[in-house]
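Please construct the entire structure, taking both the sequences and the accompanying hints into account.
Protein sequences appear in the order of chains E and R. Residue 7 in my numbering is what sits at position 7 of the first sequence, and the numbering runs on without skipping anything. Residue 214 in my numbering is what sits at position 214 of the second sequence, and the numbering runs on without skipping anything.
No lab work stands behind these hints, which were simulated from the structure alone. Bear in mind the structure is a predicted one, so any value in this text is a computation, not a measurement. Wrong hints could be hidden among the right ones.
Here are a few chain R residues that face chain E, going by a calculated C-beta distance under 8 Å [said to hold, decoys possible]:
no., residue
1, Gly240
2, Lys257
3, Gly295
4, Ala300
5, Asn301
Ideal placement from N, C-alpha and C gives every residue a C-beta, glycine not left out.
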Amino acid sequence: MRGALLLLALVALAGCEREQRQFQIPATQTQFAKPLHAANERNAFALSQGKTLFQWFNCTGCHANGGGGIGPALMDDQWRYGNNAEQIYASIMEGRPNGMPAFRGRLNEDQAWQLVAYVRSMSGWARKDAAPGRNDSLYPGEPESMRDKRN
Amino acid sequence: MRTQDILASAGPQAQHIEALWWLMLVICAVVFIAVLTGVALALIRSPRGDPATPPDLSSLARPERSAAIVVVAAVAVCAALLIFLTIASFLTDRRLASLGPPALEVELTAHRWWWEVRYQDADPSRIFATANEMHIPVGKPVLVKLKADDVIHSFWVPNLAGKKDLIPGRDATLTLQADKPGNYRGQCAEFCGVQHAKMALLVIADPPEQYEAWAAAERKPALEPAGNEQERGRDIFVNGRCAMCHAIQGTSANAKKAPDLTHFASRETLAAGAVPNTIGHLAGWILDPHSIKPGVNMPANPLDPDDLHALLAYLGGLR
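Take a look at the structure:
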């Protein structure tokens, strides 16, 4: 009886960890962004906001759903400017030669970090249980949550 | 005028629903009281005994005819009442669908967590958009086309009509009419995310000539900025972050992911009814929207005080 109760308590305890949705991000966190980014890559809300913004701000216009078009593919293992978070952040905010526009002044820092986390999830760099599992549009490929890490 | 109240109907659609609601309430109340009275009578009249009394098995020897008659009669009355209510409900549905040809067509798109209101017209240059506020002319049927951008929402303005869901990828329609001028508050009636509760829609019924004047004003592009400060505000809006999601007709800001702000200052509320549209609330909303509506898609915008004042002056002038 006591063992069963203990087991029940343990099972109930497992339900206690609920993912936090951080809506108000202090400026200190967006400036020193390593911890923020690390948290985003584990957070389903941040990743899904990144995916929404990827569509809203027409990243798909050039990068398609990650497969590339006018712009390079984002779901493969080729990175012209590096795949770590700071490099992707710089690509978005400052732009890159041959067409990538700069979004500084157009995007908020925390939105940019959400986009960075989502872009990395496209090639399997975010945690699988947090990465988006579905698409709003027709998309034949495997969702971000099923992709293995590509270097 | 009680607002957001199904028992204060302000149009034919809501009247039909209210009539049916009263009919059902009265019949069900009468039946409920009759059942409770029967139970109470049975309890009062039942024979009393103590543990030593032998059980009363007399009904096995001679069947209770009078009890059988009561039960059969009650079942027949219940069946008749249920069939009557079914027919009444069916007739109400029919009447809801027969409001006559619409005088106006409005496309209402629900987003997380606001309402996009687009007034349709055969002439494309007369189409215009606003948000979270739907003006309609009194006494004329209005066809509302219901769409959703992201998840399932539900349209419900209790004073004017019943509920109808807005489902992504599907078009639903609803015809409504207001017979009295007034402001009728509506609310998303299908849980749609963290800010479902702060997703209000204000339906404002105006006399037809007043409605026409409002629509004519809405069709115009935004007012040009008056003075240097407003001009600076417009530049901040158009060249900065605001234009990524919002539109102001007559400027280069033309995004469709957030409310159209062309005549923003003429609206009564901010953030889909979350707070009144005053300069203080607007400043708070721009700087830290998540303190008003946590989780909203509007990001926090840490602006310099001078830039914020210029932006407030410009937005406040968009009548």
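Quiz item: Which earlier hints turn out false for this structure, listed by number in ascending order?
Solution: none
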